[in-house]
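Asker: Below are the chains, spelled out letter by letter.
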Amino acid sequence: MTLMKSFLGAAATLALTAGAAMADPAIIYDLGGKFDKSFNEAAYNGAERWAAETGGTYRDVELSSDAQREQALRRFAESGYNPIVMAGFSFATALEAVAADFPDTKFAIIDMVVDAPNVQSVVYSEHEGSYLVGVAAAYAAKGDTVSFIGGMDIPLISKFACGYAQGFKSVKPEGTVIVNMTGTTPAAWNDPVKGGELTRAQKSQGSEVVFAAAGGTGLGVLQTAADEDMLAIGVDSNQNYLQPGKVLTSMVKRVDNAVFEAFSQGTDLEPGFNVMGLANGGVSAAMDEFNAPLITEEMKMALAETEAKIISGEIVVHDYMSDSACPAY
Amino acid sequence: MDYLTVLQILDSTVRLATPLLLTCLAGLFSERAGIVDIGLEGKLLVAAFMSGAVAYVTGSIWLGLLAGVAASLVFSMIHGLASITFQGDQLISGVALNFLAAGLTVVIGQSWFALGGRTPPLSGNGRFGEWTLPFSDAWSKIPVFGPTYSELISGHTALTYIALIAVPLSWWVLYRTRFGLRLRAVGENPSAVDTAGISVVRLRYMALIIAGVLCGLAGTYLASLAAGFVKDMSAGRGYIALAALIFAKWRPWYALSATLIFGFLEAVGNRYQSISIGDFVIPVQFMQALPYILTVVILAGFIGKAIPPRAGGTPYVKER
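In order, the protein sequence lines correspond to chains A and B.
So the first sequence is numbered by this note's numbering: it starts at 12 and just counts up by one.
So the second sequence is numbered by this note's numbering: it starts at 38 and just counts up by one.
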């Protein structure tokens, strides 16, 4: 019995030290899961790209409930993984607790700010990317009305709407941007039927291009826009392929780049803010073979010019979240 | 506001009211038989998922419809088993079904399609086409009537017309057939029905089967309209249908008007984010909350009185 005990103890110690010796990076996906064709899959792609380019190995885990957040984070930290990347703002509370307990481990959290000496907070300049697709919408629309459909009515989504409206009005100052929010509860993220109805209502008010920043609701928007012969703009991942020829472009958040960078820096991951904007490829307007016929030369040049001006600071896009107000509507 | 705008809002009203109407009628049959059915939401969701999944795989929304109805029936029967056969609490069984549907659809969807719980988008015959009624083109030139006919009455999917036909049919079944009389009696006074030598259990199961079929139609409608399933896509419509049922005082024709009112409120809310009357601005949140406010007002007895079937919510026990 005692022999058995010491044997098991030795095995356990060995397992623990083996984990600690690696210092491989690790990533935790949010509840949407690794293959959600959106946010989490982008994070996964970034990790895979790092593994392919450096030949390194990493660990990842998919969660099945909210309760597992801190558990998974703590287990990775205890096993010596470093750095640990979290995809999603929901990890904030868990990270605040765990980061203090593991001062030597580096953490990176995407889409949220956690103020700790060993945490890098990756936030995106969604307003800049939205400005860019707003310019594209202005060139694609023959008339002077375009529209926006947000998911839940929260400041982050107004940030998308405000950037979009500013971009559109920079080309057509007298134009109209119809802004609709799907709802005020989390159910607003997954109501494609309502998204479709909002799209039809906007079309009947003259809208020609609709930008959807609404999660699952956005799929209904893209579908209805295609049915009703409008153009749509996707969000987060490149959604151009969902309705080929009917999606003008997608406002892409390069979550993969954030993960790739964090993994590449390894244990030297710099704490503090990491703002991913147009300048460092954090956000962009997606161009591929599915939307190529929709992009005119004129539009392409305008987009390149706008992008250059935003990067150089000549155009400053107002961030809705800075003062909860928007000059463009 | 011109005539065309009014028509567009009414058109949207019909589209939004269709799933509510079918679900509301489902609740009507079940509650009239004395089974409180809070699981409407869950049935909508499984039906939407199964119809979306099968319609994608087979490429036919009609096969999807069959699958959706079957899935909804399975849930209905679980509800029946728990609350009729085993005489459990109907509310608890319904809530459990809602949770089961929310979880099961995503888990199965993920393992089948690996798209984070949604189904691939449906296209072509995977969705219901819009039915253009005869003469809609020829008559569209006639002022007032023409556009009303071609925009509002024509051009909906098959399920919308089925839902509209289901209203008089439900009325006829409930009030003009022997089955309907017994069904209503079993919701009011099951022991009297039992004394007359008619099986209470059998009648209540029949009611749940009808409810299951109607919920299956409603769920398939959602999947077809949105061209696929997205997790939690029923978005509380089962609960709004329950509110509409109370609003309708458990009567088929009232159910039609109640769901049309609720659909209209949503359509107006979609069209106008905020409505200003003079200096006073009605925010969109108020419009979104209005169906629930109206239901509470009705329940409180300010406008008429909503009296539920007397035996609703209590399992029937033959001998105590």
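Wrong hints could be hidden among the right ones.
[As the list claims (entries may be wrong)] Here are the simulated lysine-lysine pairs, DSBU-like style, with alpha carbons at most 35 Å apart:
| hint | chain 1 | residue 1 | chain 2 | residue 2 |
| --- | --- | --- | --- | --- |
| 1 | A | K153 | A | K183 |
| 2 | B | K355 | B | K268 |
| 3 | A | K45 | A | K183 |
| 4 | A | K311 | A | K257 |
| 5 | A | K311 | A | K45 |
| 6 | A | K257 | B | K342 |
| 7 | A | K257 | A | K320 |
| 8 | B | K268 | A | K214 |
| 9 | A | K153 | A | K214 |
| 10 | A | K257 | B | K286 |
| 11 | A | K257 | A | K153 |
| 12 | A | K214 | A | K320 |
| 13 | A | K214 | B | K178 |
| 14 | A | K180 | A | K214 |
| 15 | A | K320 | A | K183 |
| 16 | A | K45 | B | K178 |
| 17 | A | K180 | A | K257 |
| 18 | B | K178 | A | K153 |
[Stated by the list, open to error] Derived, one-sided and incomplete: chain A residues facing chain B with beta-carbon distance under 8 Å:
| hint | residue |
| --- | --- |
| 19 | G207 |
| 20 | E208 |
| 21 | R211 |
| 22 | L230 |
| 23 | D334 |
| 24 | A336 |
[Claimed, not checked] Now the in silico label distances, taken between C-beta atoms and shown as ranges:
| hint | chain 1 | residue 1 | chain 2 | residue 2 | range |
| --- | --- | --- | --- | --- | --- |
| 25 | A | M332 | B | V94 | 35 to 45 Å |
| 26 | B | E167 | A | Q276 | 29 to 39 Å |
| 27 | B | Y212 | A | T104 | 20 to 30 Å |
| 28 | B | W149 | A | V72 | 31 to 41 Å |
| 29 | B | L189 | A | A336 | 34 to 44 Å |
| 30 | B | E356 | A | V72 | 33 to 43 Å |
| 31 | A | A63 | B | V43 | 43 to 53 Å |
Note that these hints are calculated values from the structure, not bench results.
Virtual Cβ for every residue (Gly too), placed ideally from N, Cα, C.
Asker: Going through the numbered hints above, which ones does this structure break? Give me the numbers in ascending order.
Answerer: 2, 3, 6, 10, 16, 23, 24, 26, 27, 28, 30 and 31
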